[in-house]
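Participant: Fit chain B to the given chain A structure using the hints.
Order-wise, the sequence lines are chains A and B.
The number in our numbering is simply the position in the first sequence, starting from 1, with 249 added.
The number in our numbering is simply the position in the second sequence, starting from 1, with 197 added.
Rather than coming from a laboratory, the hints here were simulated on the basis of the structure.
For lysine-lysine, the following DSS-like pairs were computed, each having C-alpha atoms within a straight-line distance of at most 25 Å:
no., chain 1, residue 1, chain 2, residue 2
1, B, K283, A, K641
2, A, K433, B, K326
3, B, K326, A, K428
4, A, K428, B, K404
Residue strings, one per chain:
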Amino acid sequence: MILDGKCPTGPIQQTWDKHRFDLKLVNPSNKRKYNIIVVGTGLAGGAAAASLGELGYNVQAFCYQDSPRRAHSIAAQGGINAAKNYPNDGDSIYRLFYDTIKGGDFRAREADVWRLAQVSNNIIDQCVAQGVPFARDYAGYLDNRSFGGAQVSRTFYARGQTGQQLLLGAYSALSRQIKLGTVKMYERREMLDLVVVDGVARGITVRNLITGKLESYAADAVCLATGGYVNVFYLSTNAMGCSVTAIWKAHRKGAYLANPCYTQIHPTCIPQAGEYQSKLTLMSESLRNDGRCWVPKNKADLNKHPNDIPEEDRDYYLERKYPSFGNLAPRDIASRAAKEQCDDGRGVGPGGRGVYLDFASAIKRVGEDTIRERYGNLFEMYEKITAEDGYKRPMRMYPAPHYSMGGLWVDYNLMSNIPGLFVLGEANFSVHGANRLGASALMQGLADGYFVIPYTIGGYLAGVKPGQVTSEHPEFRKSEEDVKNSVNRLFDIKGKKTVFEFMRELGGLMWENCGMARSKESLEINLKRIPELREEFWKNVKVSGTGSELNQQLENAGRTADFFEFAELLCRDAHHRNESCGGHFRVEYQDAGEAQRDDVNFAYAAAWEFKGTGKEPELHKEPLKFENVHLAVRSYK
Amino acid sequence: MSEHHKTMTFTLIVWRQKGPNDPGKFETYTANNITEHHSFLEMLDCVNEDLIKSGREPIVFDHDCREGICGMCSQVINGMPHGGEKRTTVCQLHMRTFKDGDTIYVEPWRARAFPVIKDLVVDRSALDKVVQAGAYISCHTGGVPDGNAILVPKGAADEAMDAAECIGCGACVAGCPNGAAMLFTGAKVSQYAVIPQGRAEASRRVKSLVTAMQECNFGNCSNHYECQASCPKGIDVKFIARMNREFIKAQFA
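Looking at chain A on its own, in the form it has when it is part of the complex (with noise of 0.2 Å):
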């Protein structure tokens, strides 16, 4: 089937503004008669919720954690793009439009990437007025800094915890919402189904972390803001939390998949130090500001201290690849550049997997007190990780799975193909291309949640008589039950694995055969292992406890369950793209290890339909027009 995302036509600078005004409204006095259920609030999640509340709706919000303010979000750190051109650089709405197809590969869809570069001001002017505390200069004038992929200086940040501070932020409007209670908070809830009824989405079924009860709740409307899968790979800067359970149930009841194998591995990150390690810590991009990567020249030097490596006997791998861009390449071409490194046999540090990223000839230039000003809290955390003083000998550095791109298909309006089924931020597919560009995940999620959901879900309630399903329904009775079979199942294995030890295995497979580099081989050895493996699980994990009490077991053994599922979908999907494209690299499709796109074949969003466990999904296609930026070959050069 040839999908349509709906996207509206004419004059690319006009698209949304026109598309805003066509959509149909919710009289005020009407709003209150209408529930929405939010999953997850992080920037995404807890923007739309308290923007919907403020608009009226009644809303019904929901997080895994023991508070909103915990989502993921608040990990990233260093900034949020915006097409200000405060600093008269250069910038602009287009530029911005321009520089994030161009680094998602031409693999995103043009009106929705415009959107999202037209409302980036906005985010910038409500989080200021939020009070959250972007960096000023002396005069009180908002403050900028350089993030790869673009030659402007077009992020906003508060200092090296940007993304705290604008989840912060949504998290005081939320709060404001709570306490007027427009907004219902559910904690310690994670979704474990989405209720379907004559084709529409109509609600979810949560599990009480803390007493273990089903409980299911009714809405005219779905919002999804879940966050992304890259926990597939066990090892990723993602939090312990994340999973793709919520979009994976709702896959499962039929919303499509999109582009799975987009997934994007973060070029700095603190190499691993040992296999009981649980997760890998990210060092912001917004270190190459500064940072210059390099490996010794001679594989005679890795033994040496940095510090003894004289200037010429350095390779700064990036500047000499890329000239233009040097150490602001973007973060696919950085993550496979440090990979060749490695491989070449020149990385540094236990296993030889790691570069440098040497700050030295930057605290020449302006000093150690300014770098301490611009990165200080990231100095201090890489030192509490690995015992080093970054200031004093270059960081170790190596990249790890951070963000998918891919995630459930929505269209325009940001629903998915499940009607009353709307998904935001990480957890759709749709801006990011193959490859995202540093800065632009937070845009993303106060973007979709506070300047396009309000809009766009107004316009499919306007067509839709509210409170039609309750809770009452039968599908209800029947999605918990089918929940409570399912955590019973988990018990009665009764076998010898621990579920980390599952979960180390599949991210095992993953990261060596679905990572940075995949070809056909590899993907197929996958594919033939993960339904291995996956039975073996259902066969011999070991659960313990019961599911009427907190139990972090059983938890992590539902998560793992469902990324065994998804794992498949996801090396299916890597399978059958037969070229590459951003985070996508198929070692065969390459040209002197620069990706190798097929416009011909593949310039479409791969969207798949869920057919039963190991059976094979159904493939559909969303043609990708570029009418507006013409597809090239993309150079960094």
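Facilitator: Chain B in isolation, oriented as in the chain A frame:
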């Protein structure tokens, strides 16, 4: 990938409590094969794997981002919230700060306002209630001026950021002999009081937050400064002083 590391062994004395109404007790466990690179929570993961394999109940503890920013992790280690390392959350505390053979006590946050849910997990919803009482600027989505139309002097922006770094973990409450949330609340009051956007509601905000703090069963401040010593983000007690000033000013506003 891993190098060969010298391993360490620890004796853990951990608070176990089945539920809010269970009296709870300490249990002793051994943590084996721990390297200096293990974080404290990764060490607990290893202990839990051993417990699960030997058919015992794993220790339940709150954690999520494991990079010191979400504020979910919340354990008292050897009597100090987050273990007492300067500006460090439990997830960022590494085992290299302990000596091989050490005995380590692990407890939940203990405060009247934070009832224990299970083992090391407590209910911190009281902190959300304080925020809901008014720790925000009541602006609407949309209809706001250009970001540069509101000038915020660098000093004010920096001070607001110093206060806003709070991760809401509740260590200040756990560290306080009175179970007070003065540092948490003081940081919220100050964050908005020092910038122009927040001034319009400053009086209303401070009164409302102080009332909420009292209603949530938090104690009062008697200047021990344990909150500042416990805070993994180094929030300064000067924000308590500012809250007091704002509170007094508000009485005459």
